[in-house]
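S.K.: Assemble the whole structure, with the sequences as input and the hints as a guide.
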Amino acid sequence: MSPSPLLTVSNVSLMFGGVRALNDVSLEVQPGEITALIGPNGAGKSSLLNCISGLYRPTQGSIQFHSARGSQEITTTPTHQIAALGIARTFQTPALYPGLSTLDNILTARHIHMRQGLLSGLLYVGPARREEEAHRARAEEILGFLDLKHLANTPAGALSYGHRKQVDLGRALALEPELLLVDEPMAGLHQEERETLTRYLLELHFGRKVPIILVEHDIQLVMEIADHVVVLDFGSKIADGPAEEVQRDAAVIAAYLGEETH
Amino acid sequence: MSAQRLSEWWPLALAFVGFVLLPALDLLPTELLRLLASIGTTAISVMGLNLLLGYTGQVSLGQAAFVMVGAYTSAILARETGLSFWLSMPLAGLAAGLVGLLFGLPSLRVRGFYLAMATLAAQFIIPWVIKAPEKLATLVGWLTLGLVHPTWDSTLTGGATGLQVPAPVLFGSTLDSTRAEYLTVLAVVVVAFLFQRNVVRTRTGRALVAIRDNERAAEVLGIHPYTYKLQAFFLCALYAGIAGALQAHFRRSISPDAFTLASSIEQLGMLVVGGAGYLAGPLFGVSLFRLMQDIIVRVTPTLREIVPRLLPFVAQTDVDTSFRPLIFGLTLMLFLIYQPLGMAHGVRQLAARWRARVPSR
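Respectively, the protein sequence lines represent chains A and B.
If you count by numbering that gives the first Met the number 0, then the first sequence holds residues 0 to 261, one letter each, in order.
If you count by numbering that gives the first Met the number 0, then the second sequence holds residues 0 to 360, one letter each, in order.
Derived from the structure by calculation, the hints contain no laboratory data.
One or more hints might be untrue.
Some, not all, of what chain B presents toward chain A, calculated at C-beta under 7 Å [what the hints assert, rightly or not]: (1) Ala23; (2) Val198; (3) Val208; (4) Leu220; (5) Gln292; (6) Gln338.
Each residue gets a CB set at the ideal place from its N, CA and C atoms; glycine is no exception.
M.R.: Dropping the structure here:
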C-alpha cells in the first residue's frame, strides 16, 4: 500500500475468555483519508476501535501510530497517553460528563494542551487565568463550528440525544487529534440530525484534513464519504479497499446483505 | 450598568457588615460567634470532603482521622518547637494531605463501597498511632534497618489523655477570645472557599468531575485518573488538616477520642444534606446540622421531663442519649428521599424559579 500510513494495525487478535472478538486483523490508515470500518453486529468493529484507543489490550498483534512527532507502538500504551499522542474518539452512546456544562465538556478535552496544575489552579492568578481564557476561547470556537453556542452553559445531562452526539464529536475535536475515531455517529439519530452530523464530518475531513476511522452501519453513508473501506465479519477482515471495489466484493455482499437467494 | 453592579454587590456588602463588621465591633453575642466559629471550622473539613466526594466521586470514611493528623501536627509543632500557629497550620494541612494521599492509594484499585471500607483503615490506624507513637517509632526503626531510631513516646502526643495547646499569637497579642477565634476561622473559611471554587472551575477541577461522571471518557481524553484521584485525596485531607489545626489551637486541648468514626460519618451526612458537588453545599449542610444541634441541646432538658411522663417506657437517660441521633438520622433520611441532591440544589432550583417568575426589566 501507500508508503507512509498514519496507523498500522498488524495481526491483532482479541480474546474475551474463549470468545475471539478479533482474529488476526491487519489494516492501514492513510493520512487525510476517511477509513470506514463496517460489518454486521458483533463483527468486532467497536472492539478494534477500543484496541486503538487503548480501552482494550489486544491479546496478540501490535498497533503502530506514526504521528508527526514520530512512530510509536501503542499496543500497550495507557489510554490517557494514547490521547496525548493525538488519537481522539467519540462513543456510540455519547459518554459526556453530565454534571459539566456543554462548554466545560469541550474544555475538558483541552486537558492535554493545558499545563496548569493543582497549585496554580488554587491561586488562579496570572498564567493560570490567561491559559484558562485562551482555551475557553478555543472551546467556544468549536461550539461555534457545531452551531451549539446557545447551549454553552446548559449542563450536558440536560441535552437532547442528538446534541449529545454533537458535543461528543466536539469534545474529540477539541483535543486537536491527528486521528479521529468515530463510533457509529448516526446511531439513534433521525434524518435531519444525520444530515447535520454528516455535514460536520465532511467539513472536518475536507476543511481540516482530519483523518477519520468511521464505524458505521449506514452503508449508503459509508460508500458516499469513505475513501477506504474495511469489512469485518466474525472478528476477521474479509475485505479491504477503495469503497467502489469493496461494494462489488462478493464476500461482503454475502456477509452484509445475506447470501443471494436466487 | 451601575444598577446592575449594585445589585451584584449588595449581598457581598451585607455579608461583610453581618459577618465582619458587627463581630469586629463586638456587637454580636459571644454565644453566636462561638456557634459560627464551630460551623466554619467543620465546614472547612467538609469542603475538603466535597472536593473528594462531591467533585471526584470518591468516598472516604477517614475524614475525622485526617482532622486528627492536622490537630496533632500543629499542636506538637507549637509545643515542641514553639512554631507560630500561622506556620504550623499550613504545615498541619500539608502533613494531613500527605497522610490522606497514602490512604487514598486504594482508590486506584477499588471504588464505591470497597473504597469506603479501605479508607476506614485510616480511622483505626491513625488514632492507634497517636495513642502509642512508640510503636510507630519501632516500626520506622525496623523498616530502615536500624538506621533511623525516632525517640517518639507518649509524652509527644499525650497518649490517651491528649495535649494542651497554646493559643495562636498575632502581632504579640494572644488570640484567646471567642471574637478572635471567630475572625480567624472566618478568614480561613473565605480562603478555603475561594480555593475550592478556583480548583473546581479550572483544569484540575474539570478533570475531577470528568472522572466522577465518566472515568473511561476521562481517560480517552488524556486525563490520568490515578493522578487526579490522588490529588483529590490530598486536597480533601489538606482541608481536614487545616480544620484540625484551627480546632486544636482554639479549643486549646485535644484528645484522641474526639476524632471518631461517628464524626467522619457525620461530616459525610452534612455534605450530602448540604449538597455534594455544590460549592455552597458544605456551608449549608454544616450550618443546618450545627443549628439543629444547638436547638436540640436547648430543648432536651424540657423533653427529658415531658417525654417519660407521656411514654412511660422511655427513661430520662434515653432522651439524653437518643434524641440527637434520632433527629439527625431522620433529617438525613428525609433529605435522601425528598431532596437527594441537597440544600444547595434546592436553593438553586428556587432561585431559578424566582428568576423565571419576576419579569425582567
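S.K.: Hint by hint, say whether it matches the structure.
M.R.: Evaluation of the provided hints:
About 27 Å separates the beta-carbon of Ala23(B) from the nearest beta-carbon of chain A, more than 7 Å, and the hint is not met. Because the closest C-beta pair between Val198(B) and chain A is about 5 Å apart, less than 7 Å, the hint holds. Of the supplied interface hints, the one on Val208(B) holds, with its beta-carbon coming within about 5 Å of a beta-carbon of chain A, less than 7 Å. Here the hint on Leu220(B) is kept, as its CB sits about 5 Å from the closest CB of chain A, short of 7 Å.
The beta carbon of Gln292(B) is not positioned within 7 Å of any beta carbon in chain A (closest approach about 31 Å), and the interface hint is therefore violated. At its closest, the beta carbon of Gln338(B) sits 17 Å from a beta carbon of chain A; the interface hint therefore is violated under the 7 Å criterion.
Hint violations for this structure: numbers 1, 5, 6, all remaining hints satisfied.
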